[in-house]
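*Asks:* Listed here are the chains, written in short residue letters.
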Amino acid sequence: MKSLVAVLTVVAAIVAFWYAACVPMNIKGVLVAAERAGVEVTPATAKERRDMSEIGLSLSNSFAIPDTWAQDRPRLPAPHQVAIELWKTTVEKKITSKRSLIYHGWVTLSATLLGFAIGTGLGILLAVGIVHSKVMDMSVMPWAIVSQTIPIIALAPMIIVVLYSIGVQGIIPKAVISAYLSFFPVVVGMVKGLRSPDGMQLDLLRTYNASQSQGFWKLRLPASLPYLFASLKIGIAASLVGAIVGELPTGAVAGLGARLLAGSYYGQTVQIWSALFAAAILAACLVALLGLLERVMLKRMGMSA
Amino acid sequence: MKDTINTQPVIEARQLDLTFQTNDGPVHALKDVNLEINKGDFVSFIGPSGCGKTTFLRCIAALETPTGGTLSVNGMSADEARRQRAYGYVFQAAGLYPWRTIAKNIKLPLEIMGYSKAEQDERVQKVLELVDLAGFGGKFPWQLSGGMQQRASIARALAFDADILLMDEPFGALDEIVRDHLNEQLLQLWARTNKTIGFVTHSIPEAVYLSTKIVVMSPRPGRITDVIESTLPRERPLDIRDTPEFIEIAHRVREGLRAGHSYDD
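Each protein sequence line maps, in turn, to chains A and B.
The numbering used here applies: residue 1 is where the first sequence begins, and numbers increase by one.
The numbering used here applies: residue 306 is where the second sequence begins, and numbers increase by one.
Since the hints were made in silico from the structure, they are not lab data.
For every residue, glycine included, the Cβ atom is placed at its ideal position computed from N, Cα and C.
Be aware that a few hints might be false.
[Said to hold, decoys possible] Just some of the chain A residues that point at chain B, by a computed CB distance under 7 Å:
hint: 1; residue: Tyr-208
hint: 2; residue: Gln-212
hint: 3; residue: Gly-215
hint: 4; residue: Leu-221
hint: 5; residue: Pro-222
hint: 6; residue: Met-301
[What the hints assert, rightly or not] What follows is a set of in silico ranges between Cβ atoms, one per label pair, in the way DEER data are often shown:
hint: 7; chain 1: B; residue 1: Gln-326; chain 2: A; residue 2: Gln-148; range: 50 to 60 Å
hint: 8; chain 1: B; residue 1: Gln-326; chain 2: A; residue 2: Ile-150; range: 53 to 63 Å
hint: 9; chain 1: B; residue 1: Val-332; chain 2: A; residue 2: Met-200; range: 12 to 22 Å
hint: 10; chain 1: B; residue 1: Asp-547; chain 2: A; residue 2: Ser-3; range: 53 to 63 Å
hint: 11; chain 1: B; residue 1: Met-418; chain 2: A; residue 2: Met-141; range: 50 to 60 Å
hint: 12; chain 1: A; residue 1: Ala-288; chain 2: B; residue 2: Gln-326; range: 15 to 25 Å
hint: 13; chain 1: A; residue 1: Ser-3; chain 2: B; residue 2: Val-332; range: 48 to 58 Å
hint: 14; chain 1: A; residue 1: Cys-285; chain 2: B; residue 2: Asp-426; range: 37 to 47 Å
hint: 15; chain 1: A; residue 1: Gln-169; chain 2: B; residue 2: Thr-370; range: 56 to 66 Å
hint: 16; chain 1: A; residue 1: Lys-192; chain 2: B; residue 2: Glu-424; range: 31 to 41 Å
hint: 17; chain 1: A; residue 1: Met-200; chain 2: B; residue 2: Glu-489; range: 50 to 60 Å
hint: 18; chain 1: A; residue 1: Met-200; chain 2: B; residue 2: Gln-313; range: 46 to 56 Å
Take the sequences, apply the hints, and build the full model.
*Replies:* Okay, structure coming up:
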């Protein structure tokens, strides 16, 4: 209960800061509109206003402050504008509509999930190879690290072009980009997890004269699960980023990335922000879902007290 | 005093050497170690840290490879004996898998060695009773006390038919009351199963109370300084530790440790 109050206080502080920030961000636009409507603003000319600071303008035109939270195309939309847009484009729109965020969210989510599955599978396979083969450890791991230093935004168009030229398009290129981002945390986490059994545990198996595959299935794999889940949570968030980035250079017509892009073409800041929030909410749900799965699985395995 | 049935020792070390190469030069973990362990013996290895007692036990288990001398276990090389699963090994920590119940933990070696399901269940029941943990098979390790966990790990080492039981300070991390209790139980278990036991400890009373043979070791280089054949009867109640005979043996162990100049430097 006490922590709930604390959490709500922090949330309220963030929202209050956001509302406060909207005033100086949007004041110039509001004053231009007010002047056109015949309202007296101080100072009177746009030329004089240009050299004044936004905060000074807000203070000398306090009557205009409420309008900074109600513009059509604000520089920074107010929280309630984003919330209303989110509500309209999710609950009030049919999900088959091209303006429904549920529809766009699903387009991105399907690519995310496919990419996440590919990335996780690839990550686990690479980790198993790295742990069992010194050659793979030395040859694959550096490339895996290097791969993550290349900005995905630079690589994404090339992946799409290359795949298109061999006739692959649609969901696959996006999933590939998303897999590219999500395999890495899985590799790192799984390598650590598969190596987590200590010397004593390995010695014990040696005293049983256990084979390498018995050691893998009975010791290394179960021991790695807590590490795997930590990686999966990072991986799924990275997958979503990958899928959105994959939608940007293609001029895709559907998906949260397409929504972001369309919003920025037409100066629809409210639409951009609501798409951003939709992506954030989606990521939070995915991570929470994995957290739940983790709790259930580890509990069943007796690993959480 | 020696039994006449079996003259071939179960474990025999001749001029055993083990030198580790480190960055600071060679470390002589074991030097010229000679020892015979007969069937049914309870042998304790005692000495200060660095004297090679654990290293010697690990050599018997083929977890370390000696750099010189010969070592035979059950009449073959230590590594062959390991492959034939000649011994059960109990580590200082219980090392139970947290994701397995106690019964499933004990089944681990049985699964690896390919016992049938029915046989696994039967053996688990048997060894759980042997270590006084009947009814705890369905619990997870974290639900048990440290002493109970260590008993479970002993049960795990007993589950398959190895004649030799190697124990590396199995009760080192437990408090003295629990340790006394476990020592008593271990003696009963030894009497019932007639296994050959190698037991590393740094407690003089524990070594004297448990052993038929006490091997006193000393560091730099790791070597045997004294081998004491116990004159105590095999049947040993806890209060045997107050008898003059017990105190006499304990005194000799202490003298042996001192003779090794183990604490001078």
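*Asks:* The structure should be examined with respect to each hint, and the outcome stated for every one.
*Replies:* Verification of the hints:
1. Tyr-208: Status holds, d = 5 Å.
2. Gln-212: violated (12 Å)
3. Gly-215: With Cβ-Cβ at 9 Å, over 7 Å, it is violated.
4. Leu-221: With Cβ-Cβ at 10 Å, over 7 Å, it is violated.
5. Pro-222: It holds, given that the least Cβ distance between Pro-222(A) and chain B is near 5 Å, below 7 Å.
6. Met-301: The hint holds - Met-301(A) has a Cβ within 7 Å of chain B, the shortest such distance being about 4 Å.
7. Gln-326(B) <-> Gln-148(A): 50 to 60 Å: violated (38 Å)
8. Gln-326(B) <-> Ile-150(A): 53 to 63 Å: violated (43 Å)
9. Val-332(B) <-> Met-200(A): 12 to 22 Å: holds (21 Å)
10. Asp-547(B) <-> Ser-3(A): 53 to 63 Å: holds (58 Å)
11. Met-418(B) <-> Met-141(A): 50 to 60 Å: Given about 35 Å between the Cβ atoms, the range is violated.
12. Ala-288(A) <-> Gln-326(B): 15 to 25 Å: Given about 52 Å between the Cβ atoms, the range is violated.
13. Ser-3(A) <-> Val-332(B): 48 to 58 Å: holds (54 Å)
14. Cys-285(A) <-> Asp-426(B): 37 to 47 Å: Check passed, 44 Å falls within 37 to 47 Å.
15. Gln-169(A) <-> Thr-370(B): 56 to 66 Å: holds (59 Å)
16. Lys-192(A) <-> Glu-424(B): 31 to 41 Å: holds (37 Å)
17. Met-200(A) <-> Glu-489(B): 50 to 60 Å: Check failed, 26 Å falls outside 50 to 60 Å.
18. Met-200(A) <-> Gln-313(B): 46 to 56 Å: 32 Å Cβ-Cβ, so the 46 to 56 Å window is violated.
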